[in-house]
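**Student:** Each chain is listed here by its residues.
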Amino acid sequence: MTSLSSFTTEQVRELKRIKRRSWLMSYAMILPAILFLLAFVIYPTVSMFIMSLYYGNAMNPYKKFKGLANYNVRPDFWVALRNTAAYTGMALVLVMVLSILFAQWMYKSRKLNNVAQTVFFTPHLVAGVSAGFIWSWLMSSQPYGLFNTVFNALGFSTVRWLDDSSTAMFSIVLMNTWKNVGYYCLIIMSAMKSIPTEIYESARLDGSSSIKTFFKITIPMISPQLFFLLITITTGSFKVFDSVRIMTNGGPGDATRVLSMYIYDYAFERNNTLGYACAAGILMMLLMVAVTVFDFGFVEKKVHYQ
Amino acid sequence: MAEIVFEKVGKSFGSTKVIENLDLTIEDGKFTVLVGSSGCGKTTLLRMIAGIGPATSGRILMDGKDITHQPPEKRDIAMVFQNYAIYPTMSVRENIEFGLKNKKVPKEERDRRIAEYAEIVGMTPYLDRKPSDLSGGQRQRIALARAMVKKPSVFLMDEPLSNLDAKLRAAMRVELIELQRRLGTTFVYVTHDQIEAMSMADTIVLMEKGEIQQIGSPEEIYHEPANIFSAQFIGTPPMNVLPMEDGIRFGVRPESIDMEHQRVDGMALYRKGHIITREMLGAEMQYKVRLSDGTTIMVRSEENDRSDLQEDSDVWIMARASRIHFFDKDGKHIGHGGPDSLLAKLGGMNE
Ligand SMILES: Nc1ncnc2c1ncn2[C@@H]1O[C@H](COP(=O)(O)OP(=O)(O)OP(=O)(O)O)[C@@H](O)[C@H]1O
Ligand SMILES: [Mg+2]
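Protein chains in written order, with the working numbering: chain A, 54 to 359; chain B, 258 to 608.
Extracted from the complex, chain B is given alone in its bound form:
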């Protein structure tokens, strides 16, 4: 159980600054997900917590204690590496057991825990195999078991599910959430998959180019994006962002758009459009629509049996006031569903 605080932390490799002046509090006992595109510094951040890639400036505190320069073995931390980093010369059992042996956990206790966690990750039949005989997904599961079995107070995971197939990934996702709830351990989980982030996190930390864009619950990130980056990172397809006057932009999510042949009253946004493509995604439909000014937007609808909305048909694109976000010229979020002055301008652009 531990709270981790970053104070003005910077990290550079030689002359390249990857992270500068970062402040972040990772709450005790919460499932925190670091999400961001490739190369934004997620792994770098985890390595600073683990102590294997120490910060070059600032302080990192664990439960109020400065651990900036504490060696990794003194921190009660387990990490699942992005490339697994399992010990290739040891069997699955030995891999899982290694940390316990070093901690001088008695043999009986070790065997009990190995059995327990091997079962959780579904590796029981493979305990005596060598990692070279296993698939990428199986190796990842060893790495998970090896970290979990130590019962650390902070659990760092660097894209631990990226190599699993969809079904196993969904199962492991649930397993990890349950595990976190059961243990109440601080989890820091790195992913670039926004769906994983949304479904697992208590708190999402959204990063880009070494900077934190937004910290919040999945609901906050979705409904109150701090800026355009945040708004467009979460959601597939991303939020449609269109220009207004004075550099102000408005955004509306594809799933918040109503699309009809007839104009419906009571909306804030009205645009005429022309359906270019129509994709059936199973439960949902996805359309690409060209507006009369030439810009294209994406529309997503749960009505998957609308045979009248075909490619090449003319439609009205509409959205309720509450679903419309405004961003200033720096891309920062002004608000959604308001202010009225901006909503009015939106209406002014009706045809």
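So that you can see chain A by itself, here it is in the shape it has in the complex:
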């Protein structure tokens, strides 16, 4: 090893310069990311928090300082929260279960696989707003609603999908499931494909039934991907907006008024309640953080990483 003392002072200075330059370089490399984070995450969050302390509207957010008064939420907040929870719960179960089942069904056969994959994946490419429109037409209880036309033709009575407060939320979940399941299914399927076939053969020799193999081997082996689904579906469902806005606009009554609809409503459709909407937004964000922290803290322990 050459020690530093064997260099001339000139060389030492040069070395230090190189070191400083590489230090600068590394920060320069992450600078764009930091700037993005500051401009599009940190700054809006902070200003939203500041706005939540005021009384005002979109034109003039800072009319009057109210401190934390906006955080004293109104009763309809709880309704919106409950709706969001219901939506998230239904979407989570439905999307997870369906993508696992479809993946399990498709991953073995290449032919089926290619066709089915395309069929399932295409909806994911459709814009949320368009999908909402298409489905409100499909689900309409007017004579032109396709689902009901089919139902009536088969002798069933009309289902008032979006017009009945007991089915409206589920109808929206259904639409979003149709839209997203192909994408998640793809993730699950690639995870299933990475399981060596010898493991399944070994399980068969061990006398394991296919149900048992599925729960004892397949599910644990795709748990990292399932965990990914859990996080993305939960956070995604929490923020659901466009489909609700298009398909029911929060109705009938308040049946599908989810948190983001609620915030939108207070921010842009009412007078001087922007601060209140911002407070609800902050609460929603904290809630999402809490759920994610819970997922990572408790659920992730059950995840098996290779």
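If you are wondering where the hints come from, they were derived from the structure by calculation, not from laboratory data. It cannot be assumed that every hint is accurate.
For lysine to any residue, the following SDA-like pairs were computed, each having C-alpha atoms within a straight-line distance of at most 25 Å [said to hold, decoys possible]:
hint	chain 1	residue 1	chain 2	residue 2
1	A	K161	B	V431
2	B	K466	B	D587
3	A	K265	B	D368
4	B	K360	A	G142
5	B	K331	A	R257
6	B	K529	B	L499
Every value quoted in this text rests on a predicted model; they were computed, and no experiment measured them.
Based on these hints, arrange chain B with the ligands on the given structure of chain A.
**Tutor:** Only chain B with the ligands this time, still in chain A's reference frame:
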């Protein structure tokens, strides 16, 4: 306890035929070793017995019962896979226990057996670890324990010791032989290591390119090789095979050659040679010798203190009649130590 019979069995993957028209009887309660070079179809054969890669033609019988199309879980068989195929999400204990649970073995019995076999493979301290924390050799030992604990009537092992270090491999070899003797179970053991095959087998099945070259005890395979392939597969270095007239060849094992400065009477083979290299292997010496016609042969000797046999010295290469094998032009074994007509021709080539 089971005897396995292959009747005209064929196996193809798509249009590639890997095995054709194979007849083989694997005896009940014997330690049978399938040996052959990489890609010759050893794993394919095991998978047919296990039922996870069914034969595409012919029949496979187990104790006289046709099992060709029986699903694997209905066969009383355990297999150690070449790549272990242990369940990565389960602990060592759960891996070993899985098959027993499926067979509804009561908890006490399960715990007793797990303890017993974990001890045999030396994995007791690791029972609650996950396979990802273990070395390749340790995983292989889990796979062994997982198979043994089920006490199957046929035990299939696909190169189960290939990832163990030399010392552990020797120990496990003895352990497996003892286990087989104790249980009296039919063992089918795959390896490409001829030493493993020789030391463990009751019966060796030597394969090449999907065909069986020879079936026999280690002694038979060594002393009565069915053909040149068989003769050269077993033994390190392989048997020296040299041409004679009419496409006939003779072979002599490196360890059967006597090498001296002086001609010794009473031998069948005499050749002059020149030592090219000399390797000290510990207990034995190994020489590479060039004969006067330019061919090189290998010689192995237990006399490891012969300072007179140095590189660059001229020697006589000699062998007794009984040690000389003859092969016809198709490579099939004609006999050893005879016939005299061929021995005479060998002598005729003396200088
Ligand atoms: N699923 C498969 N599809 C196509 N060909 C296969 C398949 N499995 C095996 N083969 C071919 O069959 C031949 C025999 O393979 P096998 O795995 O039985 O060899 P092996 O004797 O076990 O070799 P090794 O000692 O390397 O494990 C090989 O030529 C291989 O390419
Ligand atoms: Mg193999």
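**Student:** Hint by hint, say whether it matches the structure.
**Tutor:** Comparing the hints with the structure gives:
For the hint pairing K161 of chain A with V431 of chain B, the CA-to-CA distance comes to about 42 Å; that exceeds 25 Å, so the pair is violated. Among the hinted pairs, K466 of chain B with D587 of chain B is consistent with the structure: their alpha-carbon atoms are about 17 Å apart, no more than 25 Å. For a cut-off of 25 Å, the pair hint linking K265 of chain A to D368 of chain B stands: about 21 Å separates their Cα positions. With a C-alpha separation of about 38 Å, the suggested pairing of K360 of chain B with G142 of chain A is violated against the 25 Å cut-off.
Proposed proximity of K331 of chain B and R257 of chain A is supported: the alpha carbons are some 9 Å apart, at most 25 Å. A distance of roughly 14 Å separates the Cα atoms of K529 of chain B and L499 of chain B; the hinted pair therefore holds under the 25 Å criterion.
Hint check: violations occur at hints 1 and 4; the rest are consistent with the structure.
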